[in-house]
Structure formats: structure tokens, C-alpha cells
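Asks: Chains as they are written, first to last, in the working numbering: chain A, 1 to 220; chain B, 1 to 219.
Derived from the structure by calculation, the hints contain no laboratory data. Mixed in with the good hints there might be a few duds.
List time: in silico BS3-like cross-link candidates among lysine-lysine, alpha-carbon distance up to 30 Å [to be verified]:
(1) 3(B) / 23(B)
(2) 135(A) / 99(B)
(3) 45(B) / 106(A)
Across the chosen pairs, the derived CB separations fall in these ranges [claimed, not checked]:
(4) 31(B) / 33(A): 43 to 51 Å
(5) 122(B) / 143(A): 47 to 55 Å
(6) 151(A) / 44(B): 28 to 36 Å
(7) 177(B) / 171(A): 54 to 62 Å
(8) 215(A) / 28(B): 54 to 62 Å
(9) 172(B) / 174(A): 44 to 52 Å
(10) 88(A) / 79(B): 15 to 23 Å
(11) 180(A) / 38(B): 30 to 38 Å
(12) 113(A) / 87(B): 48 to 56 Å
(13) 113(A) / 122(B): 47 to 55 Å
(14) 151(A) / 119(B): 25 to 33 Å
(15) 198(A) / 115(B): 47 to 55 Å
(16) 28(B) / 110(A): 34 to 42 Å
Quantities reported herein were computed from a predicted structural model and do not represent experimental measurements. For every residue, glycine included, the Cβ atom is placed at its ideal position computed from N, Cα and C.
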Amino acid sequence: MVNEEVILVNFWSSPFGCRVKIALEEKGIPYQYIEEDLFNKSSFLSAINPIHNKVPVLVHNQNPICESLNILEYIDETWKDLAPPFLPSDPHQRAQARFWADFVDKELYEASKKIYRGNEEEQLIGKNEVLRILKLVEGEIGDKPFFGGDNLGLVDITLIPFYSRFYTWETFGNFSIEEECPTLVAWAKRCLQKESVAKSLPDPIKIYNFILDLNKYLAK
Amino acid sequence: MEKVKLFATWSSPFVKRIVWALKLKNVEYEIIYEDLANKSPELLKYNPIHKKVPVLVHNEIAICESLVILEYIDETWNDVCPLLPKDPLDKAKERFWAKFGDEQVLPSFFGYVMKQGKDQEESKETTLAHLKRVEQLLSEKKFLSGESFGFLDLAFGWLAENSRPLEVITGLKLLDEDSFPNLCTWKDKFLEIPAIKESWPDQETLIAKYQEIRESKGK
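Chain B on its own, in the form it takes in the complex:
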């Protein structure tokens, strides 16, 4: 029996994509929720360099960095639900956009949502420009990975997942249907995928948890 452990937090978009991948591949695993203010000795042992989540531990060997973990999962459990395409050029494109997402889109999006006043206005333009690029990716495709969902959809899943909850909490309409018709359609399709829909926390729980954080910060 293979032993699979995932070191996680409920809120990390980098963790969530791993949860989805494991579910899509029907991999049984144990999830360990970390308190990032008080990291467990196990986490520090398995990820001494970055000391972050997610960390996947498979038969006592640790794999760190979420995109590396996704490729590992795809290669190890390769008999069900392939995530990356076989063609090297298509693979290169997905890897490129996944990196762009993590390094540019995600930070600017969350930055925009968390900021106030002038800072928020400034990061709005950058965020919208990034989202437009992702919108263009969907111009001739159902999913970011093509006709069916895959690696790149999981990599951008944080956008689908957090769009409505953050809209409810902040009142900021982030993905509006007029400016981002493709993204809105993609978002709804993505959230309907059973493995995504059934993963915890779901949309309502996310809203409640974000609300809790907001209230505890006195907003």
C-alpha cells in the first residue's frame, strides 16, 4: 500500500491544485494541515529549503514546489486522467503559462484584492492586463489545456475558485462577463468538474472563512 501524505493549509492555492490532482487520479492520501506560524518538525524535515506547503511525501520521499509536484503526480499515476499533453510543444506551452500564472497573474490578482486606495487602483491595471492574456488563451479552447481540462487548468484553478468568494467579501467584481466572457465560462465549467466540486473547502466554506479573517482584522 503506497503511503501518500500532503502537508497543506486550507487557504493555499498552491496546495489546492495538488488536492485536485490527487482526487482526479484517485490517489488515497493523508492530509496534514499546518499552522504556518508554528510549522511542524515534519514539515521542516521534508522541506528544509523553503519550509512551505504544499509538500507531497510519497513512500517517505518528499517532493516540493507545486508545479513540480503536479508533474510528479502525473508521471507516477500515469494510468488515469493524464494532466499534461504528450506533445513536447504543447507541454512547453502549458509549462510556460503555468509559470506566468504563478509568477505574474496570481500575485497581482491577490495583491489587487488585498490592497486599498491608490495602491489598489495601480495594481488593477496590471491585473486586468494579465487576465486579458489568460482570456486570449481560451479564445479557441474549452479549457486552458484544450478540449478537456488538464495541467494548465489546475494551475489556474485558484482563479476559478477564488473569484466569487473574493467578490462577495470585497465587493470588487473581478471577472465580469463583458470583459472576460471566456474566463467566466471556463470558471463555471471548471468548478463543475466533480473532483473540483467535491474538494474541501468548497465555495461557501471559502466565503465563510474569508469573512472570518476579515472580521478578525476588524474590517
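Okay, chain A solo, but in the shape it has when bound:
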């Protein structure tokens, strides 16, 4: 690992960037963290992510890698000798993990925005969609400690950052995720026992206040 330059460009509240933090911490990879101001994006960000101009971006030895799930697989493949692997070796199981990670990635964030940004009707739709997604995913844990088995896998790392947002969703939507998805919340608490997750997840109250501020800002 001599002469490896690893930079993570992120914004503190991004659940997508949080995934990458967890992955780097899990593998024990030293990295430099650069906080990007999403309300005043730097020319550096547009240089390393010209297509989407978004965070997170991983820059490894001057090579940028964009899109969080892409970055997770890149980290897993590049530092494959650093335990634990995020994906199993069996192609069927790999496909299953990729499917569920992709499902969470495509649907959860958009659905959740309706809860804290929509009108009353949209809030209800958002709440139902979020619960539908969480219940479907919850079914995949089975009796394993994590989706990845004994260790955090791709699906765990993809989903767990959203745990910081449960408080926000529950407060806006007036519901309890633990009541509806007890298995999932138990899984989340197990994840939080991991140092990589505890270190990386933003504080739920801080997220809630940020979302409140953001809503006010967008309403102007």
C-alpha cells in the first residue's frame, strides 16, 4: 500500500458517500477526506466528475471513480486481499447481492424524499413506498447477522447509511420503522456495533436539522 493516494470527495450528509466511508474503513484503507460544499460546488468536483458533478467520488492515484456502488465494487476488487470481501465468490450470490443493492440504490432515496419534502398526500405515498422497500429487503436477511453473512457485504454497506435518516422519516411521517420492520432495525443495530459503521454514520438529529434547513432553503 506504499505510494497509494486515496481521496474521498463527499458531503457529510450524503448516504451515498457514507457507503464509501464504511467500505474504506472496513478495509482499513488510509484516505484523505475532502468535504465538498454542495451549495457551492468546486471546479475540482466538476473536473473529477464531469458527467454528474456529484459526490461521492473516489480518487485513487489520480484516477476518479464515480457512482457509489461502482466505487464499492472497485474498492472490493482493488484491495481484494484485505478482508472481508463485500461480495461472495459464487456468481448466483453475487448477482443476488447486486440486484438488492441496485434495488435499494434506485428506489429508497427517491421514495424517502416524498416523506420529508412532499405534501400530505405525497408523504403517505412516500411512507408506504419506503415501508414496502424496507420490508422486501428485510426478507433477505434470513437468520444471518448481515446480508453479507458473518461480515458486512455490498447490501449492508449500501443500505445502512439510510439508518441515519430513519429518525427524519419517522418524525415527518409519524410512524415507527422498528414497529413495521423489527428484523431490519435489529440488523441496523448490529451494523452499528461495527467500528466502520459507527465512525461513518452521521448523527440522526444532525440529519433531521439539516433536512429542516434544506426544506426552508428550497422553499425560498
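Add chain B to chain A, keeping to what the hints say.
Replies: Structure of chain B alone, referenced to chain A:
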């Protein structure tokens, strides 16, 4: 004997890339054409979340989402025609562009072709901008995946395949040689790959089928 089934429709660009991959890997499979207005219980059983095609069923286990299926095919039948490169950075680049293709280029392209009037004009700019990005990818390469074709070419194969048929049907010159010389060259090379050339529906059948749809809509 491995049992491989593919749930498909003739028109889906997401299905076609799987057909090509299976052919390139010499995998024998059974194809089941679905009527999306009347989905079979089998399809709903194998893809309860999205209820869409393609679904690959290998020894009774279903794999859904076309890019996930492509990687599965590449990893399972790994002794012939590798689709993804070995280098993690090259792989990450191909995955990134494949996702960009599916989420941005494909919807804007087909949207542009299907729209009328002002809507069409507006989506033209977006589509052209996206196509320019893909054009740039080919500036120093023969294929999107490099010196030889691979995962990213299959992911963008819908563009090569549909370009001429849609041009014939709509009269819109989508990939013109002056604006997109690299893409035009790539398109012709891609369509000449035997596995692609021999897959059904071929170019003439596509034109006929699109024509049929157009006529049935009274255009």
C-alpha cells in the same frame, strides 16, 4: 445439462444484450417471449419485484436486471469471450458508462424518436449532448470496451441496432456521419460481429416490426 431460460420480448433493448451475451458465450438456452400486457405466472414468480424482462433463469434460480445478468453470464461462463476487463479501474469505467447509457442516453434517445413537435425539439438537444459523450469515448478506441468488443458494447448495442431501423421509420437521421463519425464506424463494426448479425430480430425484421406498430397506431 445446465438449464438456461430467458424471459424476453422481441423489442426490449435490455433483453437483446442478454441474447447477444449468451450467443457469444455459446450458451444453449430456451427463450420465452412474454406478452407484457398479459404476463405469465412464471415471469411473476421469477421477478416478483419488478415484473419485467429480461429474466435469466439458470438451474431454476432467477437473475434479474440486465446489467446484473450480463455480469452473471460473464462470471459463470468465464472460459469463453470475456466481456468485462480484468483491471478494476477499467471495469469501473465500463460499469459507469453502462449505467449512464441506461439511465440517460437510452431514455432520451427513444424519447426523442417517439415524441412530436416541440417536445421532440427539446429532447433533441439532450440526446445529441449524450451521444457526443459516447462519441468521445470512441475517440481512441475501436470498440467501447477497447481493442475488442465487450460489456460496454453490448450495453450500448441498442444504439447500433436501432439507429437505422428508426431512421427508416421516422425519417430522422439520428447518427449522421459528420457529427458522429466514431459512432457510425462503431455501429457498422458492431453489427458485423457474427453473434450480433445472426441474432433475431435482424435489421430488416426490426424495420418491418416497427412499421407494423406505426401502422397499427394509425400514423
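Asks: Go through the numbered hints given earlier and state which of them the structure violates, listing their numbers in rising order.
Replies: 12, 13, 14
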